Amino acid sequence: MASVVIPLEDPRDRFRADSSQLGGNPVPVVFTDRQIAALGAIADELIPAGDGFPAPSSVGVVEEFFTRYVTPADIVVNRFPYARETEFKAAVDALADDFLAANSAGRVNQLANLERDEPDFFGQLRALTYGGYYSRPAVLVALRSLPAGRDYHGAPLPRGYDQTTADWDDLIPPGVGSYIRTTDVVRTTVKARP
Amino acid sequence: MTTFDNTTDVLVIGSGMGGAAVSKRLSDAGIRVTCLEQGDWVHPTQFPHFHDEWEIEKYRSWAFDPNLRQNPEDYPITGLTSPRLMNVVGGSTVHYAGHWFRYKPVDFRKGTEHGVGGTIDWPISYEDLAPYYDINDAEVGISGLAGDPMYPPRPAPGGPPIKPGKGGRRMAEAWQRLGWQWWPTENAILTRGQDGRFSCNSCGNCLSGCPRGSLGSADVAYWPKALRNGVDLRTFARVESITTRNGRATGAIYIDRLTGARHEIKADLVVLAANGVGSPRLLLMSAQKGHPDGLCNSNGMVGTHLMHHTWSFADMWFEDPIEGYKGAVGCSVHSQQFYDTDASHDFVNGMTFLTLGSFGAAYSAMGTHTAAPDPWGAAHRPSFNKHFGHHVVSFMQGDDIPRPENRVTLDPSAIDSSGLPAAHIEYSLGENDISLATFGTERLKEAAEAAGATETNITGPMHPPPAWHLMGTCRMGNTPDDSVVNAYNQSWEVPNLFIVDGSSLTTGAAVNPTSTIGALAVRCAEYIKRNHRQILSQTKTQTKELSPAL
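For the protein sequence lines, the chains are C and R, in the order given. According to my numbering, the first sequence is numbered sequentially starting from 1. According to my numbering, the second sequence is numbered sequentially starting from 1.
For reference, chain C alone in the conformation it holds in the complex (with noise of 0.2 Å):
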């Protein structure tokens, strides 16, 4: 009777776990409401919603962008943008409170002064923001709406420019130049330098 063989573990699938993973990390952080009261207050300072573009708040970009790619706690390689989450998580909920009870102009202040003083956390805020924000759906429709940005479609496949790429049409190059022949090459004293 034939019996049922169950596959070893794949030890491939442990160094693919330690990879750099598209999408961010497979388990997004998780952060209060607070927090993403915050990040959300926070992207909507750096991009400002308007002429027909939407708030970052309104796309997601905290929700689904922030959270996968601030590294968790529990991950030992950082990378871009060397967000770590604990670290991160106690940044935000250090100024959460007065950049929440602020009014515009305050929060650009306050924006100002983290990134004269904590450059590298601003650094991952707006890394963050913009990255997730040209990403989102709702920004691709926004963008088609500029002259040169009407046929942009975001993620390059499947359907990628090929009807839409100018094409060499009259444009033809001069046919000029040459090129030293193996037999010609001599030797050549060029002027000394200043």
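Take the hints with a grain of salt, since some may be wrong.
Stated by the list, open to error - Residues on chain R that point at chain C, a partial pick, calculated with CB under 8 Å:
#1 D40
#2 V42
#3 H49
#4 R69
#5 I135
#6 A138
#7 A146
#8 H345
#9 A365
#10 T370
#11 A378
#12 N385
Hints were generated in silico from the structure; no laboratory data involved. Just so you know, these numbers come straight off a predicted model, no measurement behind them. All C-beta atoms in this analysis are idealised placements derived from N, C-alpha and C, irrespective of residue type, glycine included.
Following the hints, position chain R against chain C.
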């Protein structure tokens, strides 16, 4: 524990352009080949092209620099430079733009032309290598336009050139306005399908690989054919040392990263193709009885004469839409107006001017290739809208001088996941490199003005340079005193050990190196095929003149 594991005719270490081409060509002739690769295949789902997050992944899973990726297969590299290399099947070609320049005849004779620094002539000429360029081009699949008068005649590419997009057109028109030479660039990008690989659909993300197979990376261009020939490609196989006995290579000891077990593999002949950093690292790690300073290093030249090219970038923005997110990222047009040494300059060698694509909205907001991020707050929207889709980048790639002090060494203060020492890079620009790049920067400014750019960010000579090209560290030369390998990539010190990757390039030229690495690998394989028995009986590596004929 070291245990005897296997035997093979030829052991190839590394599966990039050099290792893949050698493996395929040797196995075509029925030679048994085993290839050891410390990484894995890139699975189709690991390419970022279908993901919303494709742009931030450029800094993470698809970062050029292994120090940023920090994947288990990567080894740390210390020092100032940021090297571009991948440790996967196909090697760094999985991550390249596909620029497919040949060296010019003069590039093989720079010792004759000036001999500055550690510059020597190659022991071979362009004419010696030309037939192998042709073979490698056909294997990889090339697009371009025949008839460039800046090169000797050669076979037409397999497909028409990639589309220039508005950015390529803009730069070509600017160069033409300046009276400069320009030509559509040859690329290892299919514009017609080949071997089951799709033609390019201008998706704009080449530098993160290509799941369509349009980009001529070694994993799709060579490995399917090599595997059909029966090559034993072992992934997760990290070589710890090349073994020798009585002055001849006997094989290698490798660590199976899946189990941690060490294995010894025996081979009649070894081909090292682990790139311009990995190859000298492995040779230095292979110090053993009779080779106390590392293998092939009795003259102290392993790791020396490192070249990266010299670089200066010009990010440019225009009033009208350029849509640089469309089209192949790789260079569509280039100018070699200032390629040759000019006696009226205060530097030898020359440069190529190239263009690149712009990627997408997030990359634009973060400053594209070299600029600062768009401002935040009220100024963000006007700035972003002015920049996104209005951008072109052009850059100069200069021929840097090979100097012995620019080198790869071992750094035991850092280790890889198997406990092996890191590579360490020392690299600085010499006076000639700075003069050349300063001249090139001025030309970039002229071109930006001629193109009508309304805003520019021009880096000037970049130091440290982006170490995109890893060349010269086991260079080919004319005698055992001036180099590590002879005219056939055969090491002077160990006759049955060949080295064929970027490390064996004698000079860097002012062009991307992969086409030349592939051509050298094909030539090396043909030499091994033709002279297999004689090589196995050799006790001393000969100069080109005294070596068996190719």
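Earlier hints that do not hold, by number: As far as the earlier hints go, 2, 5, 6, 7 and 10 are violated by this structure, in ascending order.
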